[in-house]
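There are 2 protein chains.
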Amino acid sequence: MEQLSPTPRTTGTRESERAVADRRRLLALLDDALIAHLGAVVQRDGVTHPVVLPVAFAVDVEGPDEGGTLYLHGSTGAGWLRSALETDVCVTVTELDGLVAARSGFNHSMNYRSAVVIGRARLVEDADERGHALDLIVDHMIPGRSATLRAPTRKELAATAVLAVPLREASMKERAGAPEDEPEDVATGVWAGHIPLRRIAGPPVTAPDTDREVPDDVRSRAAALG
Amino acid sequence: MEQLSPTPRTTGTRESERAVADRRRLLALLDDALIAHLGAVVQRDGVTHPVVLPVAFAVDVEGPDEGGTLYLHGSTGAGWLRSALETDVCVTVTELDGLVAARSGFNHSMNYRSAVVIGRARLVEDADERGHALDLIVDHMIPGRSATLRAPTRKELAATAVLAVPLREASMKERAGAPEDEPEDVATGVWAGHIPLRRIAGPPVTAPDTDREVPDDVRSRAAALG
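Protein chains in written order, with this note's numbering: chain A, 502 to 727; chain B, 502 to 727.
Excised from the complex, chain A in its bound form:
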């Protein structure tokens, strides 16, 4: 199994028993998850602060960047875009799998899978790579959908920035299962356990301005998430 390349920036300094240096599990998480949280550093009026925004994304494991490529897109007019190109970015993808009720507040926790990718974002300028990345982002939402759509117009392409972040510097943490209590707390007889959580899809909702049947790709996606 391939290994991630953790660095001091992506290696947790605590709870290293939860650090799972396992590229296959990282890619499986990135495949499961539907949104990422993009962090950038903003400099405004001499003050530095982070900004964190939810974004759509897609991964090309065969992408041109070392370790594969994570693609993001946004409006060329978005304020965060310039910031995201001026320093490294952090892209974090988290799936919440459960609430962990221990016998002490201290040992309460969550079951989750979380990937943290840090790197310098590259503004994708090659037309073929841009088109490929935008198709991947649509197909990450609904596999097969991009092939059923018209090509983007010049105006749409001019309004869209595509960023590529290398998957080289990435780490993953996860927690699963029962709480871990102190032996003296187990003896108190307080109930402990966890509440599993998962995301489900409802049936596709057809837009009011069409009378077409739900296509197979959309039906399959809803069923797979269902």
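None of these hints come from the bench; they were simulated from the model.
A hint or two may mislead.
Because identical chains share one entry, a pair is satisfied inside a single copy or across any pair of copies.
[Unchecked claim] In silico DMTMM-like cross-links for lysine to aspartate or glutamate, where the CA-CA straight-line distance does not exceed 25 Å: (1) Lys-656 - Glu-563; (2) Lys-656 - Glu-681; (3) Lys-656 - Glu-596; (4) Lys-674 - Asp-629; (5) Lys-674 - Glu-596; (6) Lys-656 - Asp-682; (7) Lys-656 - Asp-686; (8) Lys-656 - Asp-640; (9) Lys-656 - Asp-546; (10) Lys-674 - Glu-657; (11) Lys-656 - Asp-598; (12) Lys-656 - Asp-532; (13) Lys-674 - Asp-561; (14) Lys-656 - Asp-629; (15) Lys-674 - Glu-563; (16) Lys-656 - Glu-685.
Just so we're clear, the structure is a prediction, and the values are computed from it rather than from any experiment.
Got chain A; can you put chain B on it based on the hints?
Showing chain B alone in chain A's frame:
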């Protein structure tokens, strides 16, 4: 209805039609959501980069900070903690409500609710406020749970940092419903619509080292999320 106090940092520069300056909806989202993504700015070896981590949180609308208080906690040994106290932080809370399949890739979108809070985190040092914040974080996961648990030990308290972020500088964006397509795309007859998504809980799973019945607070929480 109270209004948020948006600033240039929390006011979206794009898609302002989606910006919902509505405090009540912001607080409802913070009540619904179970995790936040905390962004901090890290300075390491002369390089500045953001870090974004999933965290548990709770809100005290009557908290001591302007606009109310958002509480976070972490290990005092965590590397991100010092960074989070050195510059402003960004706390982003997102609930994904659906996948929006338009007739063009460009108009594909997500249905979501997302709150962005930017501010200077305060390290909570008052013992009463620390205890209150830690109880709120447990009760945000499972309402009523903290009252059934022993008090934290001195050692646990010494290992736990509690951060307070004012809810003053906060914004919310949301999207719901059908895609918005160009008129010429509607005419093409491609199906459009959305796939609703939601989080559900399974039945509580009792830890292997207890034979107690699932308590009412845990059962109610699972049912409410169910």
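Find the hints from earlier in the document that the structure breaks and name them by number, from lowest to highest. 1, 3, 4, 9, 11 and 12
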